Every structure is written in C-alpha cells, then in structure tokens.
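**Q** Using the hints, position chain B against chain A.
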Amino acid sequence: MKSATADTDKQRWERDVLEPALEKAPERDVPFTTISGRPIERLYTPDDIASLDYGRDLNDPGAFPYTRGIHPTGYRGKMWTMRQFAGFGTPEETNERYKTLLEAGGTGLSVAFDLPTLMGRDPDHELSLGEVGKCGVSITSLADMERLFDGISLAGITTSMTINSPAPMIFAMYLAVAEKQGADWSKLSGTLQNDILKEFIAQKEYIYPPRESMRLITDIFAFCAKEVPKWNTISVSGYHIREAGSTSLQELAFTLRDGIEYVQYGADAGLDVDAFAPQISFFFNSHSDFFEEVAKFRAARKIWAHVMRERFNAKQERSWKLRFHTQTAGVSLTAQQPYNNVVRTALQALAAVMGGTQSLHTNSLDEALALPTAEAATLALRTQQIIAHESGLTNLVDPLGGSYFVERLTLDMEQGAREYFDTIDAMGGMVEAIEQGFPQREIAEASYKFQQAVERREKIIVGVNDYVEEDEPRHPILYIDESTYDTQISRLQELKRRRDNDAVRRSLDALREAARGGANTMYPLLDCARAYATVGEMCDALREVWGEYEEVPLI
Amino acid sequence: MQKIRVVIAKPGLDGHDRGAKVIARALRDAGMEVIYTGLRQTPEQIVGAALQEDADAIGLSILSGAHMHICPRVMELLKEKGLDDVLVVVGGIIPDVDVPKLEALGVKGIFLPGTPMQTIIDFIQQNVRRRVDVVDSR
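The listed protein sequences correspond, in order, to chains A and B.
First residue of the first sequence: 152, per the working numbering; consecutive thereafter.
First residue of the second sequence: 1250, per the working numbering; consecutive thereafter.
Just chain A, same shape as in the assembly (with noise of 0.2 Å):
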C-alpha cells in the first residue's frame, strides 16, 4: 500500500525523467494555457484522475449522469441534426435558401430573424431604418410567415426559431400557419430560442423588463405542455455568451445557471417539473480550443443530471437528460484570408460531435465579412457531412471518454461550474444577479484579458496577429441591398388596408388584458396573429403594460 507520503508515478517520472530533459531542451517560452486562460499540464496520468469513479462519474451512454452521451447507440442510431441556420432578406429569398438546403441534405430549417423583428419592430419604426432584411428575414405578421415556409410541409420538418423577446409572437404565427396547412399541433416539432436571460447578459435584445420576460416564458411552458408537447420551449444559450467574450467554463456556468433560473421559475409558477423540464433544450458555442470544449459538452450533461433529479427532485428520465444544440463559434472567424475559417470550423464542428451534440450548425468561412453566400453555406453543411460519413467518429459513442486529460478537464469544469453556482445562488438567483450586473462583468473581463492577450501575441490567430498577409484579393460576399426595405414597406402599408382592423384592435385589447392580469399570453397572442397584427404591434401592445428595459452601460 501506498503511504500518503510517497512519490506518485507522476512524480518520479518528473523528476527522474522530465527534469534533466528540461535541462537539455527547456520548453518554449510560451504560456501552456487554453484559449479561455486555463493552464493545462504538460502531461495526464492516471494519478491525475484517481478520484474518479466510473459509475459515479461517467457511467455508460444512456445512464444516469449521461457524462458519456445521453442515448446508448450515440451516432450510430441516429445522426446528429444538421440543421443551418439561414435568413437575410424579403421571406421569399430565405425560403429559397430553405428549399436549397433541404435539397442539398439539410435534415432541419432554422431561421435567423432581422433585427427589428428580433427587437420588435415593424420595418417603418425610427430604428428599423438601415436593418430590415439584413442581418435574418424581415417577418412583419403573418402574411410573411406564410411566404416563409411556402411549399415547405411543418409537419414534415424540424424548425429552429431563433427568437428570443418576440418569440411567443412569432410562435404564435408560426403555429397560425400549420393550422392553415392543416397540422396537428400535437405532431409539430422544432424549437423556440426564448432565452431571455442570456439577452440580458449577452446579447442585449430584450424588450420588457426581467421579471415579465421571465412571465412570456412560463406562459409558453403551461402553452406547450398542453397544447404543443413536442415542442422544444427553451434553448438556453451559452452561445452569445460565448460570443460576447466569456471563458468556456463561465459559458457552462451561466448556461446551466440561467437552466435553473427557468426551471425554478416554472416550478414556482405551478408547473410540474417533470411537464416542462423535459422540453428544455440546451445550445452550446465550440470554439477552437478542442479539449477544453469536449469536457465542457460532456460536464454539461453531468451537471444538468444531477441539478433535475437533485435540486428540482424530477422524476422523469428525460428531464435529467441534457439535450443541446451547438454552433461553431462565429467569433473566432477572421476577415483576413476567409479560407483558413472552413478548417477552424471543421476542428470545433469535431469538437462538438465529440461532446455528442444533438445538432450542429457549421459557420460559413466568409462570415466575418457578410451574410454567408449560397456557396459558402453549402461549403459549411458539406464539412458536416464528411465528418459524418468519413471520419469514423460516428462509429462509437464518447470516443475520448477515458482520456486521462479529458476526464481530468471535465471534473475540473464541474467543479468550476459548482462554485459560480454558489456565487449566484447566494445573491438570489440568476435574475437577481443580472440585475447587479455580475454576469456582464465576468464576461467584459474574460474579453477584454483575451484582447489583450492576442495584442500581445500570447495567443496567435492565423492571419490576423501572425501569418499574416498583405494585399490579400477581395473575397465575393453576399450584399443585401435595399429594396427588403421598400417591399416590406410597401406590404406593410397594404396590409393594413386590407385586413379587418376592428378584428386586430379586439385581439391586441385581450393581449394588454391577459398581460395585465394572470392569463396565458398565448391564446390572446395567437388570437392576434390570426388577424394579422403585426409583430410591432404584438410587442407594443405589451410594451404598453409593461414598460422596456434599459440597462445601465458599463465598460
């Protein structure tokens, strides 16, 4: 038996072995950290995972706590959603690049709003000027809804809306639209972003304030657990938080956190857990550091197991499972020689397959230049498609499950994810936290430490700070012109001269009054869209009752 003061095998190896290397050859003088800052050993052993126990900790695919994957098969039942998420435009021109993704192999459609619609705004607001058709589709009411998925059945197909402070509006007019094509609601199923906490954190577009944007979501949770069970409520986002600049660990701990935060708020409103919990869904970023994103996706699963069954005392299987979308990183994508980009995207789309992603969005390499082309997106969905089918991972499940580093990273993440756990829960939860701007600061931090850290050349970018090139040739973008603007406008204006306004005014009447008291938002809100009110109006509507959020700016 060993005494506790012995030599571990570790240490004997460096010290009869790596130090009088070391003397020969020393290491580069380079910092050995992740892209997130995290220092990283030059070597795992089994000493460094001796407290790992294997049904405690990993357990095998489809058990509880799912560390390895949350289906027993892995890829080889049933592949990975490769699901792209594409809108720029008038709905005419998304609903093309629709139909050529699916004719091109995509398994599920995901659509990317404009900024006014995200925001709210119909296209002749002050603010909307510049912005309609640019950064998604312009959807104005429901009469664009039904241009969107035009010829595409809904029962037919997934769909991923991302949609957050709008999003049971635009819910709404979606679900109006199978009603029109004659879907059964039951049958629907896809997925709304609604994650309204990481707008507050992160992305930065909400509308009303906390505490009633936390209301639209548990209206949308009891709305789904009768109505549209297979709906997908909620895909709460570490990717803007990502984005926006925080390390990979603070994307799980805020991500999981803001899990709890909606969970907790759907208990507290009356809800049975095991109702909702099981139609919350996860949506992860994979930036390029591969380990440290691998252990990051597989300590989610862990963490979630435990959090439903432990803290919320789920009953169910499915709600202690974390299912979650992933998105390579869209940040780490560089202007400078675009090319390099469909290899970076191809290492962190590896990354998330690894992590056992249940589906992946793959950026185009020209996007930190424009909206992708058609060229370009068909590129990134092909990159899937030969990892699929040619890289041999999807023959087994949790390939690096076992890797001395990987487990030992993975316990290091939920252990870092435990301990922002506590910080938050000791300030009241994540709403409360938001409110003190902890979470904004975190992330401001984490961004700014790495800005610094590329400026001084601690951490390289191919092209950008080394590699670099000059005189590079113009890259072919896609450039969205004006004329979203004057059509959208111009249907707008006709619109309202042809609908039944009397029919709208009575809906938006019975929206402010569900708002006001403590009706479901969703009936009113249907009611609405089935008039064709429009999503400025929808949201003004609220906005009335409510009042809008500011947020105090802090640099």
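Please note that the accuracy of each hint is not assured.
[Claimed, not checked] Computed list of lysine-lysine pairs in DSS-like fashion (alpha-carbon distance at most 30 Å, straight line):
no., chain 1, residue 1, chain 2, residue 2
1, A, K600, B, K1252
2, A, K466, A, K338
3, B, K1357, A, K600
4, A, K331, A, K250
5, A, K229, A, K377
6, B, K1330, B, K1357
[To be verified] According to the in silico footprint, chain A covers these stretches of chain B (three or more CB under 8 Å from chain A):
no., stretch
7, 1303-1315
8, 1344-1351
9, 1357-1366
10, 1371-1377
Note that these hints are calculated values from the structure, not bench results.
Every value quoted in this text rests on a predicted model; they were computed, and no experiment measured them.
Each residue gets a CB set at the ideal place from its N, CA and C atoms; glycine is no exception.
**A** Just chain B, lined up with the frame of chain A:
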C-alpha cells in the same frame, strides 16, 4: 496636455457590444477620456452626446449592415452642429465596397475585424484635432 475625449457609440438595433466595450476600455487604458453611450442610440443622440461631452472623436461600432444609413446621418448632423472637426471612426463588419463611400462622407478611419487595438489608439492620437492648449496657470 488635455486628455483626448472620445464618444464610443452603438447605433441601430444591434446589441452585440463586445467590440465597443473592448475598444472603449483600450482607449481609456491608453489615457483617453471615454464616454460610452450604451446601446441603440439614434444619430441624433450620438451627435448630442458628442456636443455635450465636447468630444474630439466619435467611434461608431456597427456590425449589422446598417452603416450606409447611420453614417451619412451622423456626418450630416455633425455638420449642422458645427462639429465637422470631430474625428469620426467606424469599426465593425463593413464590406470592401462601402469603404470608399464612407471615406467620401468624411469618415476618417474604418477598422475591420481583427484590427489591433494599438492601431486604433495610434490612429486617433495622430488624427484627432489639435486642441488649443489651455495655458497652465500654476
């Protein structure tokens, strides 16, 4: 020497403020007086802030593609208020074809993704209007 006063602004509907905040901090660490306007500022509000803060420079962070609407309006308002000597720089995702158009409007510096912070600091220090130095009365 008086500190250079810079207004950093996020016009339009976009909330992606990572770049604006990082550059605001870098300019402050380089010894400038930085006023960060926060999100969703109209051109009127931005020019108003520049006037009120007696700014030497304005930095606009735009990633959404709305720069060809926002920049002309800001430049026009600056002229109206007699602030044509305020240095205007833009950072963000700006297609190549728009760069000469912005320059023609009087935008002096256009910084694309990947620009080192030091480049922007140097540019502002070298191009900002010369203040009439206040005689030190000690």
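**Q** Starting from the hint list further up, note which numbers the structure goes against and sort them upward.
**A** Hint 10 is the one this structure does not satisfy, whereas the remaining hints hold.
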